[in-house]
Amino acid sequence: MNCPECDANLKIPDDASVGEIVSCPDCGADFEIASKNGSVCELKHAEKVGEDWGE
Amino acid sequence: MPKVRIVFDRVRLEEKMLEEKAIDLGHDTKMIAAKITNVSTERKKSDFDFGDVVLERCVSYFRGLHFTACLEFLDVPVLNRFEVANNCGNKMLTSLLLKKHNVPTPKTYFSFSSESAVETLDKHGYPLVIKPIIGSWGRGVILLKDRETADAILEVRELTDGPLDRIFYLQEAIKRPPRDIRAIAVGDQVVAAMYRTSTGGFKTNIALGAEPVPCEITGELEDICIKASKAVGGGILGIDVMEDEKRGFVVHEVNNTVEFKGLAKVAKRNIPKEMIEYAVNSAVR
Chain A
1 MNCPECDANL KIPDDASVGE IVSCPDCGAD FEIASKNGSV CELKHAEKVG
51 EDWGE
Chain B
56 MPKVRIVFDR VRLEEKMLEE KAIDLGHDTK MIAAKITNVS TERKKSDFDF
106 GDVVLERCVS YFRGLHFTAC LEFLDVPVLN RFEVANNCGN KMLTSLLLKK
156 HNVPTPKTYF SFSSESAVET LDKHGYPLVI KPIIGSWGRG VILLKDRETA
206 DAILEVRELT DGPLDRIFYL QEAIKRPPRD IRAIAVGDQV VAAMYRTSTG
256 GFKTNIALGA EPVPCEITGE LEDICIKASK AVGGGILGID VMEDEKRGFV
306 VHEVNNTVEF KGLAKVAKRN IPKEMIEYAV NSAVR
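Chains as they are written, first to last, in my numbering: chain A, 1 to 55; chain B, 56 to 340.
Mixed in with the good hints, there may be bad ones.
Said to hold, decoys possible - Dumping the calculated SDA-like pairs for lysine to any residue here, alpha-carbon to alpha-carbon at most 20 Å:
| id | chain 1 | residue 1 | chain 2 | residue 2 |
| --- | --- | --- | --- | --- |
| 1 | A | LYS44 | B | ALA89 |
| 2 | B | LYS58 | B | ILE78 |
| 3 | B | LYS71 | A | SER17 |
| 4 | A | LYS44 | A | ILE12 |
| 5 | B | LYS99 | B | ALA89 |
| 6 | B | LYS90 | A | ASN37 |
| 7 | B | LYS90 | A | ILE33 |
| 8 | A | LYS36 | A | VAL18 |
| 9 | A | LYS48 | B | ARG67 |
| 10 | B | LYS71 | A | GLY38 |
| 11 | B | LYS71 | A | VAL18 |
| 12 | B | LYS71 | A | GLU32 |
| 13 | B | LYS285 | B | THR273 |
What the hints assert, rightly or not - Examples of chain A residues lying across from chain B (beta carbon under 7 Å, computed):
| id | residue |
| --- | --- |
| 14 | GLU20 |
| 15 | GLY50 |
| 16 | ASP52 |
| 17 | TRP53 |
| 18 | GLU55 |
Hints listed in this document are in silico derivations from the structure and should not be mistaken for laboratory results. Glycine included, every Cβ here is placed at the ideal spot set by N, Cα and C.
Turn these sequences into a full structure, and let the hints steer you where they fit.
Here is the structure:
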């Protein structure tokens, strides 16, 4: 599929799962896999690191 | 076989390792995305597929904490329990509990306004370490070496003025080697430990590039870690220990949703396996 930001070709590994982050090699934007149906993925912009993130 | 569920908001290597190990061990295993799960006061455990035990693994502390509250409302066994997550997520509560339970811990001072924080600093002397009471990966942890630095940091706190910025957590700077120890306690055992050596500054977080080096789990280390774990309520926890030149081991933090990819590289025992087995046994008990 193509990067929603810059339209570059975005390769998503077959074993990627919902919740994983993929980064566009061209523009560097990060996307979260919001849903996955076979090889069809829905992407959304990844959440920014929150103040409460971590262990 | 018991059903294992892993609640997440972002899939990190740790969540993948836990899922893989639970499947390897033969458990019916599912990942549950917290961000798309709706819970209400009107729903029951049978409305969901939360299995026999849930490992709460959200990277967002507040999301995980509140999801845990929902799971406990539904009578779903969850690790860690809400009380434990609450105790560990807030550094002030952790410090109070460690001291209350006689676990050696750095001297820590709490102030509730910037003026009082300055008084504390002037009274106890520099340096002290200021830490946000909620937060991880060493963010906002600053060594206040002198009054000038302190004034600058406190001024920034006043500008950001979040509700938690009005609580000032000031801790003695421990005289120690440029490293600390991260141990993982699973129930009443320490399953792995490593030294985290600073890459230059005084912080030793793996998230900031500290190198994991294996650390022997001595009886003394295990004792203090298990005491710390019990002080916050027990479960699957990451215990951070410093080696004080005079006092020996002191526990400065206990982490709830422990990250272990750094430690897994050097650990002798299989950390995800220990966690899954403990979770399953806790649920069956």
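Quick rundown of the hints versus the structure:
Using a Cα cut-off of 20 Å, the hinted pair LYS44/A and ALA89/B holds, with the two alpha carbons roughly 16 Å apart. Of the supplied pair hints, the one linking LYS58/B and ILE78/B holds, its CA atoms being roughly 10 Å apart against a limit of 20 Å. Restraint check: the Cα-Cα separation between LYS71/B and SER17/A comes to about 9 Å, which is no more than 20 Å; the hinted pair holds. With a C-alpha separation of about 14 Å, the suggested pair LYS44/A and ILE12/A falls inside the 20 Å cut-off, and the hint holds.
At most 20 Å may separate the alpha-carbon atoms for a hinted pair to count; LYS99/B and ALA89/B meet this at roughly 17 Å. The hinted pair formed by LYS90/B and ASN37/A meets the criterion: a straight-line CA distance of about 18 Å does not exceed 20 Å. Under the criterion of a C-alpha separation no larger than 20 Å, the hint pairing LYS90/B with ILE33/A is consistent with the structure, at around 12 Å. With a CA separation close to 6 Å, the supplied pair LYS36/A and VAL18/A stays within the 20 Å bound.
A hinted pair counts as satisfied when its Cα atoms are at most 20 Å apart, and LYS48/A with ARG67/B qualifies at roughly 15 Å. A C-alpha spacing of about 19 Å is found between LYS71/B and GLY38/A, which places the hinted pair at or below 20 Å, so the restraint holds. A distance of roughly 11 Å separates the Cα atoms of LYS71/B and VAL18/A; the hinted pair therefore holds under the 20 Å criterion. Distance restraint check for LYS71/B and GLU32/A: the Cα-Cα separation of roughly 16 Å lies within the 20 Å cut-off, and the hinted pair is therefore satisfied.
Distance hint between LYS285/B and THR273/B is fulfilled; the C-alpha atoms sit about 18 Å from each other, no more than 20 Å. Proximity of GLU20/A to chain B holds as hinted, the smallest CB-CB distance being about 5 Å (cut-off 7 Å). For the restraint placing GLY50/A at the interface with chain B, the shortest Cβ-Cβ distance is roughly 6 Å, inside the 7 Å limit, so the hint holds. Annotation: ASP52/A was flagged as interfacial toward chain B, and the flag holds, the nearest CB pair being 4 Å apart, inside 7 Å.
Hint on TRP53/A holds. Least Cβ distance to chain B is approximately 5 Å, under the 7 Å limit. Interface hint at GLU55/A: satisfied, since its Cβ lies 4 Å from the closest Cβ of chain B, which is below the 7 Å cut-off.
Violated hints for the displayed structure: none, as all numbered hints are satisfied.
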